[in-house]
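Asks: Chain by chain, the residues run as shown.
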Amino acid sequence: MKLLCEKKFGGLVLLFLFIGADAVAQEEARETNYKEPITSLWINTYGNIRMSNRLFWIAQTHFRMEENDDTPFIGQVAQIYNRHAVSYLFSKKFNASLGGVLRINYNTNRASEQKNTVPEWRIWHQYLFAMPMSRMMVYHRIRIEHRWSKGFNDESDYIFRNRWRYMLKFKVPLNKPKLGSNTFYVSPEAELIMQSGKPVIDSPMEDLRLHTSFGYILNPRITVAAGLMYSQGQDLADGDTYKQKWTMRFHLYFSPDFRKVKHKLPSIHQSD
Amino acid sequence: MKFGFFAPYFSIMAIRILLTLTFFLAWLDHLPAQSTSQYVGPYRVGEYIGQAEFEFSQENNDTIFNGPFLLQKANALNFVSGKDHYAFVKGNFENNVPQGVWHFEFGELAIDTTRGLKVGNYQYELNVKGVFHHASGNVLEGRPNGKWTQITEQIKTSQVDEVLFKSVIDFDNGIPHKGFSIQNDIMTLLGRFLRDGLAHDVWELYSVETPGPRERWYFSEGELKEIRMSSGDSTITLNVNTTGMGDLKVLNLGGKYLEIIRLNFRLASDNYVEIKGEINGLLEENANHYKKIDNVFSELGEAQFMPEFKVKTGYKKLTKSELNQLNSIKTTSIKSEEIARELLGNTQINILKLSNDEALFLMSVIDELSKKHLPLLKEVTQFYDKDILPYIQRENILTKLWSHGDLSAEIRVEYESGDSAVIKSYNGPRADEYNFLKNGIEGVHVLSDYVAECFLSIQSRLNEKLTKEQRQRELAALEEKLILEITTLNHLVDSLQVEAPGETKVVLLKVKESAKKELSEYSAMQDITKKPDQARLLTGCFRQMKQLSYRIALQPTRTNEIRAAYIDEVWNPFTATLMNEEVKKRVTGAYEEVLIPYLINELGDHLSCNNATRLTVLLDNSYKRMLELREEDTDKIERRLKRENDPLLIIRLFNIQEDKSVDQL
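Residue numbers (my numbering), protein chains in the order written: chain H, 400 to 671; chain Z, 43 to 707.
Don't read these hints as lab results, they were simulated from the structure. There could be a bad hint or two in this list.
Unchecked claim - Straight-line alpha carbon distances no greater than 25 Å define the calculated PhoX-like cross-link-like pairs of lysine-lysine that follow:
no., chain 1, residue 1, chain 2, residue 2
1, H, K575, Z, K510
2, Z, K573, Z, K558
3, Z, K627, H, K577
4, Z, K420, Z, K510
5, Z, K510, Z, K428
6, Z, K359, Z, K414
Chain H extracted, bound-state conformation (with noise of 0.2 Å):
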């Protein structure tokens, strides 16, 4: 228990400051446990599907795989991400949008007895900023999600946690000079996921997720990229406990646009 109250201690510099000098002086010391990363791969599609001059619908859906004992990476599915939204867009530098998710969680412990899949419901909204510079964009991308989950066990009930997103993103054209049809691309990312909530006690950075992905558009509506990203984050039931994963990420987007011509004009970009 000591041990584990230093792991704490050591871990976490943000719960330090918020504890004060007094209460941590009477704790022990503490270390960091870094759990050996894991490997998983993301397939990820990305809808915005555009419905009026400033309304999108986002439809998103994930599937996560993560390794087994067997086979790294693909061993087994982890879980799938349904996520919808409507999209507001204020300008061509900003937009929010506002919807909910379900995700379906999969057991991958293979000796437990308990539930195979769980339903994890969420809201979330997001605050997105895009920034012309140079060649490149540079996107800030707040997110807040209000997530309701609960274990694979048959008495677990919902746990109501926020989620604090930011996400610092870059994407920079390769073999042109601006970002656009038949382009190819480098999007290096970094993303701060925090979470509070009664049940996060000492656990509050649930990831750090740094990413880079290579990506070519097709044509406006159609982008695919894949990419290679490591995260960490604290377990939620140990703050001095921090999973550590390297993700294959292969990603579609597609926005298309089912409006009559008519319908299109006066678009977002000639009014702007």
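Got chain H sorted already, so can you dock chain Z onto it with the hints?
Replies: Okay, now just chain Z, sitting in the frame of chain H:
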């Protein structure tokens, strides 16, 4: 009562007289009202507008002159500023017919300042100069009656300076009789008429230049027998022979009679003596003065004032055959004259004759015919028109009027060709068929037919020559135009090439090559008759190729324009940027990858005059249609365009017109 016994008788008489008087007054009362009015004021008589004073009555809205008449025209302003046409007419009318003594004055008067100006008694006194004519005499029912005098005077400083004309003629109810005299400033004519107005006895013409009579015309009851003309000491006597002329006909002694006399003398004598006709000159001058008065009377009322000096001359009616021949002579000589005028005035023929001997020869013949033959025909036609021919003996008219030796079909011409003189003969078509031994009107008819045939034949030969020459000149002009067109085409292509991208440059060069090839083929043409048409065709073709070159040079710009038109800006929500998106790719693909390469191929390998217009139109219309298709619903077309590589099918699918051009550049 001294008259007591007669009293009842007187009382009956008085009643009768009273009744008669009453009835007479009643009859007078019922007479149509013929009230006479008087007019004083401005009035116009023919050319004279002046102040008039006359009495008149109205009948059916007509003015009937009745009573004294006076008209005076004098314009002081005209007189002061230059010349005034003065007129004064005074006389009397009876029921609109001139009757009684009449007096006329006409003058052209101006200020004469030779003796200065006299002022006094609040008046300016001006002298006049000019010509003053006055005439007076008696008129009986609109005809001159009694002695009429016409005098024209030259006025200087308001005095008679010279008598220019004077005639004194005695009339009997409009017919001149007894002796008369007509004189002008040079000559005096004295003569006599019978009571019926026919010239009689000797008419003598005196001149101030020669002593004694200058001409004597001997009449016998109107028939001219002899003319004696004196000049210095010599006298020529001309006898008038009217034998065989049949009837005698009364004519006015005027221009026509003089022409008859002249022609008669020409036909009767081998040595023609010109009759000057000075007698006639005097008679005409006299007639003009009478005409002036007659004009005034005609304007005002009813009159026959012109005096008729009558003569008799032989008359032989034209036969039907002569009439036909004369009409034919008239028609053919007019036609011949037209041809002569056209040929002699034709500058192209006149140029042609400088280089062509035959043309020179034929034009010399035309010249000869115009100078010798045509005047005779024209003269006969004029005699016919003036109705002179029936009064002359016509049997020898041709030989007497033709003064150039024996008549024959052969026309000998002398002309200069280069430095040498050429004498050559021309025989008209079917020359043997014409009988030049015939005389009279028939002979003239033969001549006129032959001359007309000569003119027509020469005209035809010259026109043929001219046409050939013209064709050659036209061809030369066409070729000049052709060379100009290809030169400007080459210059145009050269200048367009400077700015053109590589592929366009190659195509433009092909246009030049095609034009050159077409020109080479034209040069190699053996059949010269087809060359003018081909030259015209090629000129048009090269002009078309210029248009085509403009289109070719414009094509890269047009392609870019079409590309820009087929791009939509699309919002990419994942990058938050606007991206260009090509739309209707199958349409643009078909245009850029099939249609334009096809056109370039056609321009490069198959361009000729046959398809230059089609290719120009295709380039224009495909560009136009592409811009139109951008806005049209092309779903169906796009479905059919899938993997379509046939340019002709694409042209049909796009509905590109191949034979109708859009707006010119």
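Asks: Compare the structure with each hint and give your call.
Replies: Each hint tested on the structure:
Straight-line distance between C-alpha atoms of K575/H and K510/Z comes to about 73 Å, which puts the hinted pair past the 25 Å bound. For the given pair, K573/Z sits about 17 Å from K558/Z by alpha-carbon distance, which is consistent with the 25 Å threshold. Taking the CA atoms of K627/Z and K577/H, the gap is near 22 Å; set against the 25 Å cutoff, the hint holds. At most 25 Å may separate the alpha-carbon atoms for a hinted pair to count; K420/Z and K510/Z exceed this at roughly 34 Å.
Between K510/Z and K428/Z the alpha-carbon distance is near 44 Å, which puts this suggested pair outside the 25 Å criterion. For a cut-off of 25 Å, the pair hint linking K359/Z to K414/Z is broken: about 29 Å separates their Cα positions.
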